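Peer 1: Turn these sequences into a full structure, and let the hints steer you where they fit.
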Amino acid sequence: MSLIWFVEQPLWYLSATVFVVGVLWRLFALVALGKKEDLSVARGSAGGGAVRAVLLHFIPHGGFFSKTFFHFLAGYAFHLGLFVLLLFAAPHVTFIDERILGVGWTPLPRWAFILTAEIAFAGLIFLWARRISDPVQRQISDADDHAGTWLTFIAMLTGCLALQESNDALRIIHMLSVEVWLIYFPFSRLMHAFTWVLSRGNMGAVFGRRGVTP
Amino acid sequence: MSAQKAIDALAGQIDSTVASYLEACIHCGQCAEACHFYQVTGDPKYTPTYKMRPIDRVYRRDKAPFSGLMKAIGLAPDELTMQDLEDWSELLYDTCTLCGRCTLVCPMGIDIATVVRKSRAGLVAAGMVPEGLLAAAERAVEQGSPLIKPGVLEKVVAKQSAEVGIPIELDKKGVDYLVILSAMEILNFYEVIGALAKIFKQAGISWTISTTAFEATNIGYQMGSPDIARTLVQRIVDSAEELGVKYVISPECGHAYTALNWDGPNMTGKRHSFKVIHILELLEQLRRDGRVKTKGLDGRRITYHDPCQISRRGGVIDEPRSLIDQISSNFVEMRNHGAANICCGGGGGVSSNPRAEGLRIKAFACKKEQIDELGGVEALVTSCANCRNVLEEAIDEFEMDLPVVGLTELVAMYLDEGEKKPAARKRRKKAA
Ligand code: SF4
Ligand code: SF4
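From first to last, the protein sequence lines are chains P and R.
Everything in the first sequence is counted per the working numbering, starting at 70 for the first residue and increasing by one.
Everything in the second sequence is counted per the working numbering, starting at 96 for the first residue and increasing by one.
Calculated from the structure, these hints are not laboratory results.
Please read all numbers here as calculations on a predicted model, not as lab measurements.
Virtual Cβ for every residue (Gly too), placed ideally from N, Cα, C.
Be aware that a few hints might be false.
[Said to hold, decoys possible] Distance condition first, Cα-Cα at most 25 angstroms in a straight line; then the derived SDA-like pairs of lysine to any residue:
| hint | chain 1 | residue 1 | chain 2 | residue 2 |
| --- | --- | --- | --- | --- |
| 1 | R | K166 | P | H261 |
| 2 | R | K370 | P | R200 |
| 3 | R | K100 | R | D182 |
[What the hints assert, rightly or not] Covered by chain R, per the in silico footprint, the following chain P stretches (three or more residues, Cβ under 8 angstroms):
| hint | stretch |
| --- | --- |
| 4 | 74 to 85 |
| 5 | 136 to 146 |
| 6 | 171 to 183 |
| 7 | 271 to 277 |
[As the list claims (entries may be wrong)] A few chain P positions that, by computed beta-carbon distances, are all more than 10 angstroms from chain R:
| hint | residue |
| --- | --- |
| 8 | V89 |
| 9 | L102 |
| 10 | A122 |
| 11 | A159 |
| 12 | D166 |
| 13 | E167 |
| 14 | R168 |
| 15 | G192 |
| 16 | V205 |
| 17 | V249 |
Peer 2: Below, the structure written as structure tokens:
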């Protein structure tokens with residue numbers, strides 16, 4: 070049993086299973102907490118409000134754009150960059166084709182990969198730098214926030230190092246870091262990748278009934 | 096006393112909606128930009144999400160998915176202590192007006208105000224409600240109002256009735272509308288009663304005020320006591336049912352509207368047998384139907400302060416503007432008006448909490464900036480007696496010269512009463 074085999078086979082399946090089952094369970098358990106029927110007379114639609122809130126909060130509204138521009142820029146740079154890398158980096162497309170979906174698509178050319186990676190890294194580094202330097206963020210951050218950031222950073226960094234797929238060791242380090250990230254994900258605040266819809270939607274539904282979307 | 100009661104009370108407040116908020120917070124801190132208490136102090140502890148910390152700890156320790164596993168491996172947060180609760184008492188009661196402005200800026204759309212209000216239930220269970228609020232709640236339960244002693248309402252109504260020359264019958268059965276009032280209106284802004292009499296006479300509306308359930312303010316709702324909140328809502332419900340009214344008119348009071356209309360039926364566990372209508376909704380409806388006619392225009396440069404619970408959290412945003420347009424020739428809007436407006440600084444029970452007074456006055460600086468940007472404003476119109484009182488106090492403290500006017504009274508001033516001229520405008524004196 071080689072380390073390569075272990076990381077590529079059982080550990081991969083284990084981490085993927087923990088991720089999928091953990092995320093589904095966490096979401097299910099959250100929704101299963103339930104809520105009471107709202108007995109007030111609605112002025113507007115809860116569903117409409119939920120959709121409006123989900124869309125509206127993609128951009129800060131209410132006059133805060135200039136005050137939160139840093140978060141907006143760094144946040145989108147990192148998240149969009151990460152999604153593009155995740156779905157369009159050439160080794161990922163191959164991996165998705167061969168190991169997950171059985172279909173592939175046109176990957177990013179190398180120059181676009183490098184550009185996207187730089188944007189994503191810049192976003193993540195700026196977000197983290199702010200977390201450790203801004204008094205507000207220092208006050209409210211906890212170990213989970215830092216762990217999530219670092220695991221993501223390491224997964225991205227090892228991914229870049231392994232880009233050429235010429236070096237097995239680098240590729241395995243990347244895969245191992247991703248597997249740790251996948252196992253950590255359902256137990257952490259990385260879950261915000263899914264819970265944002267519930268949070269925005271629930272708030273929007275409450276206020277949609279009142280005829281307003283804050 | 097152990098913290099267990101508080102922990103249980105907090106756990107009892109967490110449903111799937113609250114849990115989704117607690118789960119989604121990414122600790123980005125953007126909500127601080129929206130909170131007047133952080134803005135005027137620059138103190139990071141006033142960051143809105145930090146106010147959710149106690150309930151978040153209870154959630155992650157006892158209720159969240161995988162909390163058992165986290166506890167087993169020593170990664171769950173520490174159990175709340177009485178000291179924690181004491182530390183958060185100021186954050187939850189003194190420095191959150193439940194204004195909900197932080198929701199606007201939050202990328203996750205978290206309704207922090209609701210979580211803060213629910214978190215107060217933990218402090219109620221721990222016996223850590225600020226003295227002023229607790230005393231007000233006790234008076235509300237025992238004498239029917241936090242500020243109005245028995246017999247005062249009758250005198251005030253009789254005086255207003257005589258002043259406008261219109262009979263006002265109390266406890267009258269079989270009328271369509273039951274008017275409830277906030278204590279602040281009865282005490283400080285009683286002209287609104289005469290104003291309503293004039294408007295309703297013109298509109299041909301049958302109405303009454305109950306001597307047992309006249310108080311709209313729900314101090315139990317503000318302090319986070321589900322029991323007291325329910326008792327106070329039930330009192331209005333019982334009275335409305337006994338009098339057989341079709342509508343209860345929610346007055347110019349912010350949280351009264353939320354407590355009775357939006358959360359009231361959820362507290363009593365029963366749909367209201369009557370419809371709650373906000374006074375601004377009713378006035379606008381009457382104006383549109385041609386049942387209330389105005390004459391003349393107020394030429395002063397006026398602007399409108401949106402009470403948070405009525406606009407951002409209540410959805411009554413267009414009605415006041417439509418009414419003001421009808422009676423003003425010089426109406427100007429503040430930047431970020433409507434759903435994004437800045438709080439007066441004293442909602443959510445903060446104005447009933449003497450401990451919070453210093454910060455409350457300080458927090459007005461945000462509102463002041465919003466008003467000053469317009470330049471030359473001659474009157475500030477609003478539709479919440481609590482906002483009005485808080486604004487008047489702060490305006491005095493900041494040595495500004497700016498009358499604050501209730502919208503219902505303003506409409507009544509310009510009522511088309513045939514030959515009669517609109518009543519003279521006067522700046523009311525602040526009650527001692
Ligand atoms: S609801 Fe208003 S007062 Fe409370 S934390 Fe949010 S912005 Fe601050
Ligand atoms: S803005 Fe929203 S997500 Fe960010 S810290 Fe505040 S509550 Fe949490």
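Peer 1: So, for every hint listed, does it hold in this structure?
Peer 2: How the hints compare with the structure:
1. R:K166 with P:H261: holds, 21 angstroms
2. R:K370 with P:R200: The given pair, whose Cα atoms are some 48 angstroms apart, is violated under the 25 angstroms limit.
3. R:K100 with R:D182: At roughly 17 angstroms apart (the allowed maximum being 25 angstroms), R:D182 and R:K100 satisfy the hint.
4. 74 to 85: Three-residue rule not met by the stretch 74 to 85 of chain P, so violated; n is 0.
5. 136 to 146: holds (count 4)
6. 171 to 183: violated (count 0)
7. 271 to 277: holds (count 5)
8. V89: holds, 15 angstroms
9. L102: violated, 4 angstroms
10. A122: violated, 5 angstroms
11. A159: Holds, because the least Cβ-Cβ distance between P:A159 and chain R comes to about 30 angstroms, which exceeds 10 angstroms.
12. D166: holds, 32 angstroms
13. E167: holds, 32 angstroms
14. R168: The assertion about P:R168 holds, with a minimum of 27 angstroms to chain R.
15. G192: holds, 13 angstroms
16. V205: P:V205 is in fact no farther than 10 angstroms from some Cβ atom of chain R, at 4 angstroms.
17. V249: The claim holds: P:V249 sits with its nearest Cβ about 16 angstroms from chain R, beyond 10 angstroms.
Taken one by one, the earlier hints fail for this structure at numbers 2, 4, 6, 9, 10 and 16, listed in ascending order.
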